[in-house]
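Quick one: dock chain against chain with the hints and give me the complex.
Those protein sequence lines, which keep their order, are chains A and B. Going by our numbering, 265 is the number at position 265 of the first sequence; the sequence numbering is gapless. Going by our numbering, 19 is the number at position 19 of the second sequence; the sequence numbering is gapless.
No lab work stands behind these hints, which were simulated from the structure alone. Any given hint could turn out to be false.
[To be verified] Think about it this way: if two alpha-carbon atoms lie no more than 27 Å apart in a straight line, the pair counts; the simulated BS3-like pairs of lysine-lysine are:
{"no.": "1", "chain 1": "B", "residue 1": "LYS15", "chain 2": "A", "residue 2": "LYS415"}
{"no.": "2", "chain 1": "A", "residue 1": "LYS257", "chain 2": "B", "residue 2": "LYS58"}
{"no.": "3", "chain 1": "A", "residue 1": "LYS596", "chain 2": "A", "residue 2": "LYS575"}
[Stated by the list, open to error] Sample of chain B residues at the chain A side, in silico, Cβ under 10 Å:
{"no.": "4", "residue": "SER30"}
{"no.": "5", "residue": "HIS57"}
{"no.": "6", "residue": "HIS317"}
{"no.": "7", "residue": "THR329"}
{"no.": "8", "residue": "CYS336"}
{"no.": "9", "residue": "ASN348"}
[As the list claims (entries may be wrong)] Some chain B residues flagged as far from chain A (calculated, every beta-carbon gap over 12 Å):
{"no.": "10", "residue": "ALA28"}
{"no.": "11", "residue": "VAL46"}
{"no.": "12", "residue": "GLN47"}
{"no.": "13", "residue": "GLY156"}
{"no.": "14", "residue": "GLY174"}
{"no.": "15", "residue": "ASN223"}
{"no.": "16", "residue": "THR263"}
{"no.": "17", "residue": "ASP268"}
{"no.": "18", "residue": "SER278"}
{"no.": "19", "residue": "LEU335"}
For glycine and all other residues, C-beta sits at the position ideal for the given N, C-alpha and C.
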Amino acid sequence: MSAIVNDMVIRFANVNGTGSASANSMFSKAIFRMGLPVSPKNIFPSNIQGLPTWYEVRINENGYLGRRAGIDVMVGINPQSFAKDMASVKPGGYFVYDSTKPLYEDMMREDIHFIGIPMMKISMDFFEVPRLQQLFKNIIYVGALAALLDIEMEVIKQIIEEQFEKKPKLVPPNFKALDAGYNYAKEHYDCPLNVRLERRDNVGDHILMEGNEATALGAIYGGATVAGWYPITPSTSVVKAFETHCKKLRIDPKTGKKNYAIVQAEDELAAMGMVIGATWNGARAFTSTSGPGVSLMSEFIGLAYFAEIPVVLVNVQRGGPSTGMPTRTQQPDILSSAYASHGDTKHILLFPSTPTECFEMMADCFDLADRFQTPVILMSDLDLGMNDHMTKPLKWDDNRTYDLGKVYDAEDLEKLEEYGRYLDIDNDGICYRTIPGTHPTKGSFFTRGTSRDEYARYSESGAVYVRVVNRILKKWETAKKYVPKPQMYQEEYKSKKGIIFFGTTTYAALEAMEMFEKEGIKLDAMRITAFPFNETVEDFIEQHEEIFVIEQNRDAQLRSLIINELDIIPAKLIKAVNYDGMPITAQTIMDLIMEKLSVAINN
Amino acid sequence: MTYIKPTFRHPALPKNKISFAKADYEGAISTLCAGCGHDSISGSIVQACYEMSIEPHKLAKISGIGCSSKTPTYFLSNSHGFNSVHGRMPSVTTGANMANRDLIYLGVSGDGDTASIGMGQFVHAIRRNLNMVYIVMNNGCYGLTKGQDSATADFGSVSKPGSVNQFQAIDLVGMALELNATFVARSFSGDKTQLIPLIKAAMSHPGFAFIDVISPCVTFNNNKGSTKSYDFVRDHIEATSVLDFVPQKDEITVSYEEGNSATVPLHDGSLIELRKLSPEWNPTDRYSAFVRLQKAKMKGEILTGLLYIDPESTELHDLMGTTDVPLNTLREAELCPGNATLESINQNFR
Ligand SMILES: Cc1ncc(C[n+]2csc(CCOP(=O)(O)OP(=O)(O)O)c2C)c(N)n1
Ligand code: SF4
Ligand SMILES: [Mg+2]
Numbered sequence: 001m002s003a004i005v006n007d008m009v010i011r012f013a014n015v016n017g018t019g020s021a022s023a024n025s026m027f028s029k030a031i032f033r034m035g036l037p038v039s040p041k042n043i044f045p046s047n048i049q050g051l052p053t054w055y056e057v058r059i060n061e062n063g064y065l066g067r068r069a070g071i072d073v074m075v076g077i078n079p080q081s082f083a084k085d086m087a088s089v090k091p092g093g094y095f096v097y098d099s100t101k102p103l104y105e106d107m108m109r110e111d112i113h114f115i116g117i118p119m120m121k122i123s124m125d126f127f128e129v130p131r132l133q134q135l136f137k138n139i140i141y142v143g144a145l146a147a148l149l150d151i152e153m154e155v156i157k158q159i160i161e162e163q164f165e166k167k168p169k170l171v172p173p174n175f176k177a178l179d180a181g182y183n184y185a186k187e188h189y190d191c192p193l194n195v196r197l198e199r200r201d202n203v204g205d206h207i208l209m210e211g212n213e214a215t216a217l218g219a220i221y222g223g224a225t226v227a228g229w230y231p232i233t234p235s236t237s238v239v240k241a242f243e244t245h246c247k248k249l250r251i252d253p254k255t256g257k258k259n260y261a262i263v264q265a266e267d268e269l270a271a272m273g274m275v276i277g278a279t280w281n282g283a284r285a286f287t288s289t290s291g292p293g294v295s296l297m298s299e300f301i302g303l304a305y306f307a308e309i310p311v312v313l314v315n316v317q318r319g320g321p322s323t324g325m326p327t328r329t330q331q332p333d334i335l336s337s338a339y340a341s342h343g344d345t346k347h348i349l350l351f352p353s354t355p356t357e358c359f360e361m362m363a364d365c366f367d368l369a370d371r372f373q374t375p376v377i378l379m380s381d382l383d384l385g386m387n388d389h390m391t392k393p394l395k396w397d398d399n400r401t402y403d404l405g406k407v408y409d410a411e412d413l414e415k416l417e418e419y420g421r422y423l424d425i426d427n428d429g430i431c432y433r434t435i436p437g438t439h440p441t442k443g444s445f446f447t448r449g450t451s452r453d454e455y456a457r458y459s460e461s462g463a464v465y466v467r468v469v470n471r472i473l474k475k476w477e478t479a480k481k482y483v484p485k486p487q488m489y490q491e492e493y494k495s496k497k498g499i500i501f502f503g504t505t506t507y508a509a510l511e512a513m514e515m516f517e518k519e520g521i522k523l524d525a526m527r528i529t530a531f532p533f534n535e536t537v538e539d540f541i542e543q544h545e546e547i548f549v550i551e552q553n554r555d556a557q558l559r560s561l562i563i564n565e566l567d568i569i570p571a572k573l574i575k576a577v578n579y580d581g582m583p584i585t586a587q588t589i590m591d592l593i594m595e596k597l598s599v600a601i602n603n
Numbered sequence: 001m002t003y004i005k006p007t008f009r010h011p012a013l014p015k016n017k018i019s020f021a022k023a024d025y026e027g028a029i030s031t032l033c034a035g036c037g038h039d040s041i042s043g044s045i046v047q048a049c050y051e052m053s054i055e056p057h058k059l060a061k062i063s064g065i066g067c068s069s070k071t072p073t074y075f076l077s078n079s080h081g082f083n084s085v086h087g088r089m090p091s092v093t094t095g096a097n098m099a100n101r102d103l104i105y106l107g108v109s110g111d112g113d114t115a116s117i118g119m120g121q122f123v124h125a126i127r128r129n130l131n132m133v134y135i136v137m138n139n140g141c142y143g144l145t146k147g148q149d150s151a152t153a154d155f156g157s158v159s160k161p162g163s164v165n166q167f168q169a170i171d172l173v174g175m176a177l178e179l180n181a182t183f184v185a186r187s188f189s190g191d192k193t194q195l196i197p198l199i200k201a202a203m204s205h206p207g208f209a210f211i212d213v214i215s216p217c218v219t220f221n222n223n224k225g226s227t228k229s230y231d232f233v234r235d236h237i238e239a240t241s242v243l244d245f246v247p248q249k250d251e252i253t254v255s256y257e258e259g260n261s262a263t264v265p266l267h268d269g270s271l272i273e274l275r276k277l278s279p280e281w282n283p284t285d286r287y288s289a290f291v292r293l294q295k296a297k298m299k300g301e302i303l304t305g306l307l308y309i310d311p312e313s314t315e316l317h318d319l320m321g322t323t324d325v326p327l328n329t330l331r332e333a334e335l336c337p338g339n340a341t342l343e344s345i346n347q348n349f350r
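Here chain B stands alone, though its shape is the one from the complex (with noise of 0.2 Å):
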């Protein structure tokens, strides 16, 4: 069932730059379990776009299955939504963003629908580095089959019925920094004010952005012994950096302590502002991401924030070269090259 959410707003709710309230970035009322970390990634998301004063209809958001792929139901409303086929949103985010290239594409998959069926889509979208926000709403279990480990549940995590996994995790940000993405981040679904500033900043990067969101399964993954327990997440938690993202021509409020600072600059103007927790680590140098990551794991530490990005980088239809309008506006003028023209193909054919 989808349940619609009354559409009267107060007048003398906040609004945003281009007048719209929060409310107007929230979407029907989700029937995920209370409580389930998925939902609060999808209140992270609509605080994001409401601060960043995005257009609703400027924004497509695209997911595969799973209770995670559900989630656009329950934001952002006024935003096209394509609920796709199991581990199959990269490619159809592929296509859109080929069709319109203005549009921002929130791409959001789930541990089983990414690390398993949809792994060769995945790593492919971050090869071509198209340009999305890719999120993953990582519960270490397939939610919505009820609770099969996924290919991230860590070797060793417990499962509910008590089974204790034998495998190896699949880390998808070690993976997306092998692979040379150009945005990689980790957060925890618990932890809006780390994960709102990291979203905005996946949105303004040109590119493939990747945020894995640690997000408990309460119903399935919660229990004792489990590495993707709200308990477990908060013992183990770690991060790279404190850090706040400014728009475009806003000032800078946020002052951190020299020497720990740094200032990355984005494409479009604006900045991320960081307070370095680590100071071997340094977001713009992909091996000391690497290196960072490593310490984080033989600590048995859940590593999260802004963990690399590129500040260089170059989207898929720069690097195809495609024109600057977008392909869904051009019509017979610029598309059909006429009768004359294939009198002459037609004459190479004599």
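Next up, chain A with everything else stripped away, as it sits in the complex (with noise of 0.2 Å):
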């Protein structure tokens, strides 16, 4: 048999709680650095300690960073799910174990290749502390597959001088566990196996990030210097990371003292009015939450929307209804984001789908949101968020100037002979605001979630209501042309049908677009980057008689909402959905779609 190179799912089982996390991360990163694409994906529990817990990574020289079913290398480490993870592996796959104790004979495939390295011996062997033979443990895994798979030695010694840079005393012990591994998988087993990886220069200048953390920093970079939080799986690391940076970036370097204010609310309710009061008050401000939280947040929502206040939110979006499944990937929340809040309202969502994405759009997020004074969510979910990807590198432009939208400040106001918050005086919907403290006589005016006139003042009007929410809806209008464009995949249409996607459904998506291709199949594609949707989403519906909506929820929420907001014939879009919690594959999408053109072409 030809070995296969380069082209893997090697899956690793832990318990949660015992230090696996580094050390996975480090193999990720090693295979990184040997100029191959991976795509990491943490399968964790909603638990501190003692539950089983997977990290799967995907490892493709073509660049393919979707996940991928089928296990060509499993890593077992956790007795618990021992039967389990066996079971998962593809036939001539491998099972790598901890051969410290046996396998039960009666457990074992004949299908697969068995693996044992006997990791809690060897760590007791060498060290003695029972919690440090259970860290090395995972260095001596590691160690072992650098033999089995041909991961490069000095690249991994590179990540660990790196990684204890500041504790160089704990270099050579985990030199001594990696090499311990490493030696005992070379003397035992014909290395490398059959599946292995070899160095390529397939990764160009990309980096390796976390969503979460790429958001962050769009949001320093955006100017934010207010955040209300409250912690909620799998979004706190959002806040968690814009504090870290901003303990280096966002330090007064003559006093010392802090270019911004983070408080952790009492609840999402508190989060969200404090995001209100601080944009209110000419800061720039964000809150970062999932599913429960937006709910929570949604009278607030309301508010903003209507007093016209921006906000910024990010929706890490986890899996659903109530607590759901709150360490799994989804994206349920659209409708919800879309139009949170009672009453008629409507919120601009930017749908990010790479770590580089999130960077960009968190920091346009806080554009939009001041020049439209209205809340804009950045609609993120947890495989994004929470798991590193292979992204382009962040860049910002020097030149780039903060757009704070219509703020009169004290030298406007003196100018001016009288003041209308809410008068529409350049026929685009939106209005010019104060700040308060800007002038001592002129432009205060009251903000309230009332209905209410030009002035700002209270009014029980319908004609008046009704012309503040057409003027409120123009905005809409207007925003069209501000957010960003969705994006094509072909030069000009080729085919009558196509497909939509958007957010971490990209990778799949265009995976499959070649697997369809190989098939025959030709199909047009449009990436979903906004709502309100603009007039390319519209020619693009336009112009396709059939059009596959490919969604991580149920019932196709993005579906409904184009249906909704673009009145279209509900027929026309045909919903393709996986929603089990894990990230979508591109086998997937492509098994939904030929099911249905083959009804099609059958009927």
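Following this line, the structure appears as structure tokens:
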């Protein structure tokens, strides 16, 4: 059998809270540094210690970054899940396990290879303290894998040296554990295995980063100074990363004081209230949460919409409804975010699909929120936020300035006869606001969630109300010109059939496109990057007869949103959905669409 | 409806130190019921700000929802105001304060707004020692939704339709003390001589300054048997002290007889001059405030006045180490680290 080079899925089955995460990410980073595209996924429990947790890495030299089903190599470290882990290996695949204790014979499969490494025994031979034995066991399996898969040891060693730059004493024991694992595998098995790795030059200048980290950097570069938040998986690391970077990048050089304020709120209602108070008062502010938090914030989001206050909200989506699958990925909050709050409301949404886009779009969110004086929601998800992704390096245009939108300063007010907060002077639906503290006698107004006239005076007149809400709708039309355009994947349309997707479905969708191409099936593709939908989106839908909308939720919520907003005949949009909480795969997309295509053909 | 008052001012009207007339601190004409306690509190706020010579644009007034929360429309029309959502004034004020530490934040709430739906936000604002004045216009009922009992209605208090309250009252003042609030006071809408200096002192206090003001609802809770009616309050009111607020650099004009007098210096150089009405109480001793409050409770008195002040109070920004200039004045130069920094960040992720 010829060797399978640079194309595999490897899964680590660990116990959470045992320090495996850092060994696993070291593994991915080493492969990335060998010039190979990697795509790691954490599949973790909602628990702190003792339960099964998995880390799955797809390695593919052609750069397919979506998840792929079928496990070539399973590193089974967790006896609790042995049976299940063993069963999930592809025929012909490998099960690498800790052979300190023998496996039960009756669990063994005939059609896969078993590679026993006495990890714990080796660790106990080298280290005395039980906690260290546990930690170094992880490094031992990384060493064994280096031999089995042909990972360059120098690369791993360099990563270890970098990791312990500030604690150099820890480098030698890590090397010792790494070498021990490596040597054991070399001595006892025919290395490398049939699935193996070889250095390539296929990652360019890309970086390997989590979406939440990139989002946090977007908030810093976008000028956010205030964050109010309440912890919730999978969004917590956004504010955590914001704080970590602020401590380095946002300290006043003269005084050592903070050019930012982060308040851990008592709940998500308060977190949103803080954002609203801060932006009303002229600072850039954001909060980050997940579905349950958005539900709690709804009343406030409606206030911001109606009183026209900028808000930036990051929704790192997870499996719903209710507490749902808190540690699994989905795109289940499209409708609840688009129309959050009672009454006629709709909100600008941006859909990043890579960490690079998390960074760029997060910074854009602040400009859009200030420009349109309305909530803007960054629609990330658990897969994007909490997993490392190979992504283009982050870039900032140093000539870029913040678009603070329409704000009168003291000079403007001085020249003004009479100020009306909600006067549509430029006929684009956007009015001029003033920031408290600007002028002693001019420009003050009363912000309220009740109906009011152009001068911010309370009003119960139906005519005034209709005028105001229609003017707010005019802003929506204006916004279509400002939000990012959808991405097209063809120069010109080549088919009457098309696919629409967004966010983290992108990797799998692009891979599926190549699969369709091989089957001779032509499909045009469009990636939605924002709501409101602009003319390009309308045109794509108009120019195609049958469109598959690929989503990671049960009810095809983006499809509903498109139908509702663009008055599309529902039959034209066919749903292709996956909602089991695992990132969607190209094969799933292929299967979903093929099934429907054949129905269409047979009919 | 909002009625706009004529803006013409007679040139001979008296002015304060920054040349503003009292009328410059007023707001739109109130649409509350005639005789509502809330209107008297608005009047005291106007008077306090006028006498303190506060620049109107250096104060932001923020409220929740209720008759009480409507009042910011009726005072300080030259200040920005924010009528937010029910029970959430504290979080909006927190955010506003984070954005600009240089303004005075005047939060107005009701007993429903604070002691029920907004209890969570109220206690957390106290915990953080947010620099604000927090006034509860406490009428023991939900005025705006037509008179239901609120959580501050006293056990045994009789409502207008005649039902007797079976539940224990939440005493906001006792709670604020328990939570280590750094400024705690209670007053009565009908007692301006007490309320005005309390508001002034609260505005000078760096940190969370809480004033629970009993403010009768003439329409729904001013009946016989109600413990929040004008008559009941007047009959049962007691005070910790008679106090006067002396702004910074002003001369002390009042003099209280020795032995019972106390002076509390505030951060900004102003002073609170007190004539104590009970010997065991001391304004900077939280324990003595507890004791005095319990005593009043047992005797069926409504204890008013300054209850406690921490002259060493450190407000939230100083606890967090925020920069001295308002965050909302920072721009690209201070906020955006630039592309070169980003390049080196990228390098850590390769
Ligand atoms: C979320 C929400 N629930 C209920 C209401 C209805 N509501 C308006 S005011 C109010 C009670 C106000 O009572 P209080 O705060 O004591 O103010 P008062 O009118 O007595 O001054 C209620 C329940 C609301 N506005 N919002
Ligand atoms: S209902 Fe009561 S609280 Fe409301 S305005 Fe009338 S008197 Fe005041
Ligand atoms: Mg009330």
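**Message:** Checking each numbered hint in turn, tell me which of them this model violates, lowest number first.
**Reply:** 4, 10, 19
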